[in-house]
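> Each protein sequence line maps, in turn, to chains P and E. So the first sequence is numbered by my numbering: it starts at 1 and just counts up by one. So the second sequence is numbered by my numbering: it starts at 1001 and just counts up by one.
Possibly wrong hints are sitting among the right ones.
Unchecked claim - With a straight-line Cα cutoff of 30 Å, these simulated DSS-like cross-link-like pairs (lysine-lysine) come out: (1) K1216/E - K438/P; (2) K223/P - K1030/E; (3) K223/P - K1045/E; (4) K1257/E - K1212/E; (5) K1254/E - K106/P; (6) K190/P - K421/P; (7) K1317/E - K1415/E; (8) K190/P - K1570/E; (9) K1254/E - K9/P; (10) K1570/E - K438/P; (11) K182/P - K1479/E; (12) K1139/E - K190/P; (13) K216/P - K1216/E; (14) K182/P - K1127/E; (15) K521/P - K438/P; (16) K1144/E - K1415/E; (17) K1132/E - K562/P; (18) K317/P - K1257/E; (19) K1254/E - K438/P; (20) K438/P - K519/P; (21) K260/P - K1317/E; (22) K1132/E - K183/P; (23) K190/P - K1317/E; (24) K1216/E - K106/P; (25) K1594/E - K568/P; (26) K83/P - K1223/E; (27) K1216/E - K83/P; (28) K335/P - K407/P; (29) K1482/E - K83/P; (30) K223/P - K106/P; (31) K1127/E - K1482/E; (32) K1120/E - K421/P; (33) K220/P - K1139/E; (34) K182/P - K150/P; (35) K421/P - K1513/E; (36) K6/P - K1253/E; (37) K1139/E - K421/P; (38) K317/P - K298/P; (39) K461/P - K317/P.
Hint data in this document are derived by calculation from the structure and do not stem from the laboratory. Note that the structure is a prediction, hence the values are computed from the model and not measured.
Each chain, letter by letter, is given below.
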Amino acid sequence: MIKLLKYYKPYTALILLTLLLLFLQVMADLALPNYMAKIINNGIALGNISYILIKGIQMLIIAFIGGLCAVGVGFFASRIAAKSSMHMREDVFKKVSDFSNAEFDKFSTASLITRSTNDIQQIQMVSVMLLRMVCMAPIMGIGALIMAYKSSPSMSWTIFLALVIVLSIMITFFFITSSRFKKLQKLVDKLNLIMNERLTGMLVIRAFNTQSYEEKRFDKTNKELTSLNLFVNRVMTFMMPMMMLIMNGVSILIVWTGAKMINMGALEVGDMLAFIQYTMMIIMSFMLISMVFIMMPKALVSGQRIAEVLQTQSNIKDPAENKTKYLNKGESELKGYVEFKNVSFHYPDAAEDVIHDLSFTAKPGETTALIGSTGSGKSTVVNLIPRFYDVTQGEILIDGVDIRDMKQNNLRDIIGYVPQKAVLFSGTIESNLLYGDKNASEKELIDASEIAQAMEFISEKPQGFDTEISQGGTNVSGGQKQRLSIARALVKNPKIFIFDDSFSALDYETDALLRNQLKEKKKDSTKIIVTQRISTIKNAEQIIVLDNGKMVGKGKHSELMKNCQVYKEIALSQLDEEELQ
Amino acid sequence: MNKQTKGNNSMRFGPGRAAVPGEKPKNFKKTMKALLSYLKPYRLKLVFIFIFAIASTIFSIVSPKILGSATDYIVDSLKLSGMVDFSRLFYILTILGALYLLSSLFLYIQSFMMIGISQKVTYALRKDMSEKMDRLPLKYFDSKTHGEILSRVTNDIETINTTLGQSLTQIVTNVCTLVGVLVMMLSINWIMTLVALLILPLSSGLIMLIVKRSQKYFANQQKFLGEINGHIEEMYTGHIIVKAFNGEEDSIKKFEKVNNKLYNSAWKSQFFSGLMMPMMNFVGNLAFVFVCVVGGLLAARGSVSIGQIQAFLQYIKQFNHPIAQIANVVNVLQSTAAAAERVLEFVKEEEELSEENKHAKIDQNKFKGDITFNNLSFGYNEDTIIINDFNCEVKSGQKVAIVGPTGAGKTTLVKILMRFYELNKGSIEIDGVNISDMSRDNLRALFGMVLQDTWLFNGTIMENIRYGNLEASDEEVYKAAKAAHIDHFINTLPQGYETVINEEASNISQGEKQLLTIARAILSNRSIMILDEATSSVDTRTEILIQMAMNNLMHGRTSFIIAHRLSTIKDADVILVINNGDIVEKGSHEELMKRNGFYANLYNSQFKQ
Chain P
1 MIKLLKYYKP
11 YTALILLTLL
21 LLFLQVMADL
31 ALPNYMAKII
41 NNGIALGNIS
51 YILIKGIQML
61 IIAFIGGLCA
71 VGVGFFASRI
81 AAKSSMHMRE
91 DVFKKVSDFS
101 NAEFDKFSTA
111 SLITRSTNDI
121 QQIQMVSVML
131 LRMVCMAPIM
141 GIGALIMAYK
151 SSPSMSWTIF
161 LALVIVLSIM
171 ITFFFITSSR
181 FKKLQKLVDK
191 LNLIMNERLT
201 GMLVIRAFNT
211 QSYEEKRFDK
221 TNKELTSLNL
231 FVNRVMTFMM
241 PMMMLIMNGV
251 SILIVWTGAK
261 MINMGALEVG
271 DMLAFIQYTM
281 MIIMSFMLIS
291 MVFIMMPKAL
301 VSGQRIAEVL
311 QTQSNIKDPA
321 ENKTKYLNKG
331 ESELKGYVEF
341 KNVSFHYPDA
351 AEDVIHDLSF
361 TAKPGETTAL
371 IGSTGSGKST
381 VVNLIPRFYD
391 VTQGEILIDG
401 VDIRDMKQNN
411 LRDIIGYVPQ
421 KAVLFSGTIE
431 SNLLYGDKNA
441 SEKELIDASE
451 IAQAMEFISE
461 KPQGFDTEIS
471 QGGTNVSGGQ
481 KQRLSIARAL
491 VKNPKIFIFD
501 DSFSALDYET
511 DALLRNQLKE
521 KKKDSTKIIV
531 TQRISTIKNA
541 EQIIVLDNGK
551 MVGKGKHSEL
561 MKNCQVYKEI
571 ALSQLDEEEL
581 Q
Chain E
1001 MNKQTKGNNS
1011 MRFGPGRAAV
1021 PGEKPKNFKK
1031 TMKALLSYLK
1041 PYRLKLVFIF
1051 IFAIASTIFS
1061 IVSPKILGSA
1071 TDYIVDSLKL
1081 SGMVDFSRLF
1091 YILTILGALY
1101 LLSSLFLYIQ
1111 SFMMIGISQK
1121 VTYALRKDMS
1131 EKMDRLPLKY
1141 FDSKTHGEIL
1151 SRVTNDIETI
1161 NTTLGQSLTQ
1171 IVTNVCTLVG
1181 VLVMMLSINW
1191 IMTLVALLIL
1201 PLSSGLIMLI
1211 VKRSQKYFAN
1221 QQKFLGEING
1231 HIEEMYTGHI
1241 IVKAFNGEED
1251 SIKKFEKVNN
1261 KLYNSAWKSQ
1271 FFSGLMMPMM
1281 NFVGNLAFVF
1291 VCVVGGLLAA
1301 RGSVSIGQIQ
1311 AFLQYIKQFN
1321 HPIAQIANVV
1331 NVLQSTAAAA
1341 ERVLEFVKEE
1351 EELSEENKHA
1361 KIDQNKFKGD
1371 ITFNNLSFGY
1381 NEDTIIINDF
1391 NCEVKSGQKV
1401 AIVGPTGAGK
1411 TTLVKILMRF
1421 YELNKGSIEI
1431 DGVNISDMSR
1441 DNLRALFGMV
1451 LQDTWLFNGT
1461 IMENIRYGNL
1471 EASDEEVYKA
1481 AKAAHIDHFI
1491 NTLPQGYETV
1501 INEEASNISQ
1511 GEKQLLTIAR
1521 AILSNRSIMI
1531 LDEATSSVDT
1541 RTEILIQMAM
1551 NNLMHGRTSF
1561 IIAHRLSTIK
1571 DADVILVINN
1581 GDIVEKGSHE
1591 ELMKRNGFYA
1601 NLYNSQFKQ
């Protein structure tokens, strides 16, 4: 949390200036009651109009200066708050952009989004309030206290009495409401969650006729939320009338004691009125400070969440400059041998290995296929190659170079990765394809789309490549998304291709055509395919069979049919005996 | 299709998201009227609330005058006798004290009651939306994103809540204060009032100007906030692709651009809204001086006393505040109306047709499962018909496989069968009963369904499986889980069946999720089974086991399977080959292979290298 203060450091001078302006503003505000008293005492009471005018103009000048200072404070405060939040937001975004999968798993994507958006908003709101109002409060409070004491020392006890009462009420409120605010937020989140589930599972709910079950589920949380809201709001709303009562009560007290003193000739009427004004100011500033107690917990929580993100270091780092090895994308130098040497991997907090002692080499010009049951570790294997995670034992080498000795940018430059679930970004089909290579020519885009079997549906769309893709890619079908995702990787024209079960949404015919084209047009590339379909990999040059993270078979289809039980089972479940030849 | 777009994250919604300034409703009057109908049951209470609010305001307006007379009394008695008569003063102050007490009390009571009403109305609105959701046709949800609807339930209703709870009475108290203060000022001295009134419009004019300016910046701020949040969400959810394609640099560049724009509108909107206070204060001070001058002149003539001047000055202070609040409230009302419009539009939306007249039923004991499709035509919108004149007869107990390229209309057929959408033309009959003659509930009770998109909710595994049959015993749940081959896995989890499936359902794999939905379907023990590509995410070894269990389940039951795996399909009694919405071919695997048409082509492509 303290870490976040560094965002305000560059503005220290400006903050001091702001505080100075604030001080002047408060001084001006404090001087006003004095002038008012003088005008009443010496002007109106004595019928001295010119005195009124002179003092009046002086008062206006001071009020004007005070106003200018207030405007200045507002100006600087808003800029400082907005600028520091801007930098905070930027740093958080850059940090998260650097995160590897492990960090995303740790925080959860949803939480990271909230931390980068809502939480920073909170901090911004609070910083503006702090700079403008809350800083003013102590200055005004102390200043008013001094003025009040000067005008009538013997009445000052009324102020302390009022403050004690106000303080105790505030503390009571704080204790009653703070824990409930947290609960309130949780309930709102829960309401949202239920609503969201009902929306995504609408078909299931209607199919199982569980509508009333769902409505009851929602109603339960709705009732809880309503009753908690009732309580909290009613308590909160008690504050205002209470404060008003105290302030008014104090003025009565002051008039009573003031009258006694005026009677004794120890006080002027005007001064008593000024004293009332100052007391109001003191109580007001006290209340402003109390606002801090309401806002601070929420802001502290947000601050904590942001600090957590900023303090997290990704474990996947680039090597030191002098140890970096480069692999050039150019054809001649880069061959594309991907070698796994005794690789084992387990997730950061897990006890068991997901992959254990895996060794194989994927050669350029060949297709290496990975197949196995769910949870056998196939996807994990290919996630290690672009260093989305680092191996916990063993090494992965590309052309003999350990991938950890390469810069991540360089590594990913030579790999074309197509995930299991296709992800497209908002924009057009063209912008999505260009994501593979900004400088790709139109011909290259068309070529890639043809290989990916996407050209047909693209040309059928009225706007072709300019067709808009909405966020999440919801206006194209699952199969189309996958083909675009593949085309994107093709545009990149990398040496090494990784297809993580990327053909599952395609029908068999398209699947076959695509692989055909791939083999023909990208002859020299290293193709690593993870899949469930035997038909996809039947003719792969190398098939690796995984079972519970261990390699239980390696070789060609015909060999594995003879000596790998696991492979045989899988194959038999999908194809007839005869088709397997 | 996943309709989750930006704004769907549950944690982004919550209290504290204020009304968006600058939003204007489409039909203010109509919306307000509809909203007021929710307040109707509390009519009597509202009258009391307004009375209390007005009373509280009157008391707080009258008090300065009394305080003024107390001061007067002190001055006068000093002049007259050189002494202050404390008993009289005490009397005045006691009355004053009682007034203050009553004012605060009434203020609190009206607020207390108002909150009660606003919370109850909010509860009712949320409940109505919740119940409405189940009565709207699926078609409605196709055109809206989840984020939109969620926003209505949380943000929009919360806006209405805040406004009802606070702003409504604020309008009453502010108008009352304004009128009351004016009256009091006039009662003291009309000349001074005139002077004050000359200056005060100046302040309201300035306030309007500021509000207008800041509105523009606020709207911009919201816009850029939306943009940046959208970008953040997209980049985070797609972070693997961003990394894989080295897109971090461009993503950051784009971010910085919007971030800058956001900064500009953010500080400007803050600054402008912060101008109000100093401006109002200065105008107040200006009025003060003017009144003092005039007051001094009048006091010299003896037309006003010091106490009266003092009271008058207090009233001036009380005048400015309501004006600014009213300007604010107008703004708030507009955005509240906009919010209310969205909520009420949902609540008043056209529902699915009532089913009270639909009594057709199929006797469970005589159930056979013959299904006939007669001249079916259907399209999601009127101008694009996807399914054209479909005819088919399925005999009881047959396994029907539906195959075809993506988007050919396979899932659509199933959705129509369960009447998630109504037909354009033609009919479907089950055991001779037209499904449109049955109520939807009765019809759907016949089907057990396993979808491609696995849906599980935030509850325990036990609850999720039991969802198939809420009356099922624990034993029956275990049995279903075993039949789906997920029982072993569940038992390896630390909390077993009591394990809570978390929000993102990330603690179990895709394949395991599917097994759970299959267990759920098995538990539901329905007469007709529909499997929509159920097994494509499950590894083939487990799939074999499930297929065996499913075969048991399907034995004697009519079932529909939509799949890509030809091995699954080969076992079917009837294969329906769908392309562009039409059945292009129909028959068993052998028959279709002999025909050497579309299906044969599809099948043969397995061997193409």
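> Are K1594/E and K568/P close enough, with their CA atoms no more than 30 Å apart?
holds, 29 Å
> Does K106/P lie within 30 Å of K1254/E when you go C-alpha to C-alpha?
holds, 26 Å
> Given the hint that K1132/E pairs with K562/P, does the C-alpha gap stay at or below 30 Å?
Cα-Cα ~60 Å, so violated.
> Measure nothing beyond the straight line between the CA atoms of K6/P and K1253/E; if it is 30 Å or shorter, mark the hint as holding.
holds, 23 Å
> Going straight from one Cα to the other, do K216/P and K1216/E come out at no more than 30 Å?
violated, 43 Å
> Verify the proposed pairing of K220/P with K1139/E, using a straight-line Cα cut of 30 Å.
holds, 28 Å
> Take the C-alpha atoms of K1139/E and K421/P, compute the straight-line distance between them, and say whether it is at most 30 Å.
holds, 26 Å
> Do the alpha carbons of K335/P and K407/P lie within 30 Å of each other, as the hint requires?
OK: K335/P and K407/P at ~18 Å, within 30 Å.
> If you draw a straight line from the CA of K260/P to the CA of K1317/E, is it 30 Å or shorter?
Roughly 28 Å between the alpha carbons, so the hint for K260/P and K1317/E holds.
> Verify the proposed pairing of K1216/E with K83/P, using a straight-line Cα cut of 30 Å.
holds, 20 Å
> Would the hint linking K223/P and K1030/E be met if the CA-CA limit is 30 Å?
holds, 29 Å
> Given the hinted pair K1257/E and K1212/E, is their Cα-Cα distance within 30 Å?
holds, 26 Å
The structure fails to meet hints 1, 7, 8, 10, 11, 13, 17, 23, 24, 29, 30, 31, 32, 34, 38 and 39 from the earlier list, while all remaining hints are met.
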